[in-house]
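Trainee: So you can see what is in the structure, the chains are spelled out below.
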Amino acid sequence: MLMTEHAGKRLLACHGVSVPSGALIRKSPQVQKWKGRYPIALKVQVAAGGRGKAGGVVRVDDAEGAEASARDLFARDFGGERPESVLIEPWVEHTRELYLAVTIDGESGGYVVLYAPAGGVDVEHHAPHKYAFGSARDFRAHELRALLGPVEQDRALRERIIALARRLAFIAGVADALTVEINPVAVLPDGKLLALDAKIVRDESAAFRQADLAQEIERARKREPRMVQRALAGNLMMVGLDGDVGLISGGAGMTMAGMDMIADAGLVPACFLDCSSNPTPTGYQLAFDVLDSEPHVKAILVSIFGGGTQIDRVARVMSEIMSQRKSRKPVVFRMNGTGAEKADVAMREAGLYNHPTLESAIDAVVTAVRTA
Amino acid sequence: MSVLIDASSRVAIYGIAGNFGRFSARDLVLSGTQVVAGVAPGRDSREVEGVPVFQDARTACSSTGANAAIVFVPAPAALDAVLEVIEAGCKVIVYPGDGLPVQDAIELRAAARRSGAVLIGPNTPGVISPGAAKLGFMPTSCYTPGPLGVISRSGSLSYEVAWRLTTAGLGQTTVIGIGGDPVKGLNAADAIELLHADAETQAIMYLGEIGGSDEYAVARYAQRANAKPTAALIVGAAAPPGKKMGHAAALVGSAADTQAAKVEALRNAGVHVAHNLPDVVRAAEDALRQCEAIIS
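The listed protein sequences correspond, in order, to chains A and B. Each residue of the first sequence is one higher than the one before, starting from 1372 at the first, in the numbering used here. Each residue of the second sequence is one higher than the one before, starting from 14 at the first, in the numbering used here.
One or more hints might be untrue.
As the list claims (entries may be wrong) - Here are the simulated BS3-like cross-link-like pairs (lysine-lysine), alpha carbons at most 30 Å apart as the crow flies:
| no. | chain 1 | residue 1 | chain 2 | residue 2 |
| --- | --- | --- | --- | --- |
| 1 | B | K241 | A | K1398 |
| 2 | A | K1669 | A | K1593 |
| 3 | A | K1406 | A | K1424 |
| 4 | A | K1398 | A | K1563 |
| 5 | A | K1406 | A | K1669 |
| 6 | A | K1570 | B | K256 |
| 7 | A | K1501 | A | K1406 |
| 8 | A | K1697 | A | K1593 |
| 9 | A | K1593 | A | K1563 |
| 10 | A | K1713 | A | K1700 |
| 11 | A | K1570 | A | K1593 |
| 12 | A | K1404 | A | K1669 |
| 13 | B | K256 | B | K104 |
| 14 | A | K1700 | B | K256 |
| 15 | A | K1570 | A | K1424 |
| 16 | A | K1697 | A | K1669 |
| 17 | B | K241 | A | K1424 |
| 18 | A | K1669 | A | K1570 |
| 19 | A | K1398 | A | K1424 |
| 20 | B | K104 | A | K1669 |
| 21 | A | K1697 | A | K1398 |
| 22 | A | K1424 | B | K104 |
| 23 | A | K1697 | A | K1713 |
| 24 | A | K1700 | A | K1593 |
| 25 | B | K241 | A | K1593 |
| 26 | A | K1593 | A | K1406 |
| 27 | A | K1501 | A | K1398 |
| 28 | A | K1398 | A | K1570 |
| 29 | A | K1669 | B | K257 |
| 30 | B | K104 | A | K1593 |
| 31 | B | K104 | A | K1570 |
| 32 | A | K1424 | A | K1404 |
| 33 | B | K241 | A | K1570 |
| 34 | A | K1700 | B | K241 |
| 35 | A | K1669 | B | K241 |
Hints were generated in silico from the structure; no laboratory data involved.
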């Protein structure tokens, strides 16, 4: 889960990283309460990347222009998102911008430090220097020093960068963060470093031991569309899409493969809906309730290939749900896997047809949507 | 030949007294796997499905000679349970659970490597060598012995593809579910080395998805002069950017994460990439045909 810049900077400051002393406002008139010096930077607090290029960071030279600038920022969308808050910070004069991050690297199976001598909005154009160190407590300053030796000739600056990287690794460890990125790190005229931005992504899987993260996830859920909220509350994994084919599936890969086939058939999936974390009568009933109550869903495809999920049990649950169901939206079934033979019998006895292949099921869905 | 497990593997089930542990014990025995021990700390069971149950992994392994384990505990308990199994001396371990904190995955990957063990998972159905052994819960009937080594980030998709391959008469040496998380005990680069070194594996089938960098490791492998013919299916073309698709790592954040970018990298590396799921058998056949061309 991505923290806002403001929340990220507070976390950095808690652990001794220098950040500008800013203030957060939720309405444009609040900018008048700023008691700090001018010029200031106004920075929209949105999740979307490319904020700087989209004009989400503006410099304001005096109090007169501040409210109009803030009003303008609150009225605009950035990457499809309307800012809920704007961060005010004193405008910082600096001599140089660096890029420094600690992030997860799948290839080495652990954390890496990424460093680029020139940070800022175009940092992605040059591959950063990479130091893979494994778990947060396996960071070794001397290993990073050996890597940065040929890159950073200014020894005092190099030592400051290493000390900051060590701090970011520590924060990643204590906060269960997948990414702690500072872009840019400003080099001040006196040589000290200041974090001008903060992009911290925390590991949602760690919510069971990070109470504040659990609350943050809960708050984010409340911002989802109602259909998605209901599914998530019932432990189903759902992403809402705009299409007309409701897809009830199991497993991330199988669900995506189904979405791709729906798209290949010229239709648009209405959702990514993976029931594998709650393959129970309650879970499947909820999946139907959610999709049946959505007017834009014209037909439903049930595509499940069970391993640990025993398909004969699922088939009995499906026949029970279908016998009680009020919606007339057509439902197409294709289920296979553990217990498939018994599942076919259960479906036949309930007067339901289980398609032998996903191809024939998708054909049936196409017909159902075209005639709906 | 197979990789990771074979008919001589002696399996312990950690968490055997729970519903899923019991199901797995029955299922593994039916698949012909030697299930020699169960572990259920704090539970009274002495025996489950005819398998002796122990209070701790070390006693289970020393009493029964178990050398492989599958661990059924929820994510908050996984770090301790998997460390226990590694320290008890098991050399191949499957942790199927999802929602494992990435820091715990990092620690477990490192601990396994230090002990000369292999951890498969998290977030995986495990590994199967058809006709020999299974350390997981994939539907056994969908698999048959043969020349293809399969690596998959997704469990359910690997069942579907195995079923298609088996139906088409294309058997498998070993099917490895590496899982859908960002940090894995065994990642695609590790798994492909195992299959590369396996004499019976003639061609490799890789099943991938959006997000993460495993697909690029496969592309790098395929560019080697002595690489085995490789086929692939990458799902998630219809997935919107910025949204996590069930798996922790299945998220399009940058251009390199997209299905299209991965397909292009794999095609450029000479991989037979399936257009979609129905095309997967054709891609596997092309890879196997390439083997015949190399031999003749």
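Trainee: Take the hints in turn and mark each one as holding or not.
Mentor: Hints versus structure:
{"no.": "1", "hint": "B:K241 to A:K1398", "in the structure": "61 Å, violated"}
{"no.": "2", "hint": "A:K1669 to A:K1593", "in the structure": "26 Å, holds"}
{"no.": "3", "hint": "A:K1406 to A:K1424", "in the structure": "28 Å, holds"}
{"no.": "4", "hint": "A:K1398 to A:K1563", "in the structure": "33 Å, violated"}
{"no.": "5", "hint": "A:K1406 to A:K1669", "in the structure": "57 Å, violated"}
{"no.": "6", "hint": "A:K1570 to B:K256", "in the structure": "17 Å, holds"}
{"no.": "7", "hint": "A:K1501 to A:K1406", "in the structure": "41 Å, violated"}
{"no.": "8", "hint": "A:K1697 to A:K1593", "in the structure": "28 Å, holds"}
{"no.": "9", "hint": "A:K1593 to A:K1563", "in the structure": "41 Å, violated"}
{"no.": "10", "hint": "A:K1713 to A:K1700", "in the structure": "26 Å, holds"}
{"no.": "11", "hint": "A:K1570 to A:K1593", "in the structure": "22 Å, holds"}
{"no.": "12", "hint": "A:K1404 to A:K1669", "in the structure": "52 Å, violated"}
{"no.": "13", "hint": "B:K256 to B:K104", "in the structure": "36 Å, violated"}
{"no.": "14", "hint": "A:K1700 to B:K256", "in the structure": "27 Å, holds"}
{"no.": "15", "hint": "A:K1570 to A:K1424", "in the structure": "16 Å, holds"}
{"no.": "16", "hint": "A:K1697 to A:K1669", "in the structure": "15 Å, holds"}
{"no.": "17", "hint": "B:K241 to A:K1424", "in the structure": "45 Å, violated"}
{"no.": "18", "hint": "A:K1669 to A:K1570", "in the structure": "40 Å, violated"}
{"no.": "19", "hint": "A:K1398 to A:K1424", "in the structure": "23 Å, holds"}
{"no.": "20", "hint": "B:K104 to A:K1669", "in the structure": "51 Å, violated"}
{"no.": "21", "hint": "A:K1697 to A:K1398", "in the structure": "46 Å, violated"}
{"no.": "22", "hint": "A:K1424 to B:K104", "in the structure": "51 Å, violated"}
{"no.": "23", "hint": "A:K1697 to A:K1713", "in the structure": "26 Å, holds"}
{"no.": "24", "hint": "A:K1700 to A:K1593", "in the structure": "28 Å, holds"}
{"no.": "25", "hint": "B:K241 to A:K1593", "in the structure": "49 Å, violated"}
{"no.": "26", "hint": "A:K1593 to A:K1406", "in the structure": "34 Å, violated"}
{"no.": "27", "hint": "A:K1501 to A:K1398", "in the structure": "41 Å, violated"}
{"no.": "28", "hint": "A:K1398 to A:K1570", "in the structure": "23 Å, holds"}
{"no.": "29", "hint": "A:K1669 to B:K257", "in the structure": "25 Å, holds"}
{"no.": "30", "hint": "B:K104 to A:K1593", "in the structure": "44 Å, violated"}
{"no.": "31", "hint": "B:K104 to A:K1570", "in the structure": "39 Å, violated"}
{"no.": "32", "hint": "A:K1424 to A:K1404", "in the structure": "28 Å, holds"}
{"no.": "33", "hint": "B:K241 to A:K1570", "in the structure": "41 Å, violated"}
{"no.": "34", "hint": "A:K1700 to B:K241", "in the structure": "48 Å, violated"}
{"no.": "35", "hint": "A:K1669 to B:K241", "in the structure": "45 Å, violated"}
Checked against the numbered hints above, the structure breaks hints 1, 4, 5, 7, 9, 12, 13, 17, 18, 20, 21, 22, 25, 26, 27, 30, 31, 33, 34 and 35 and satisfies the rest.
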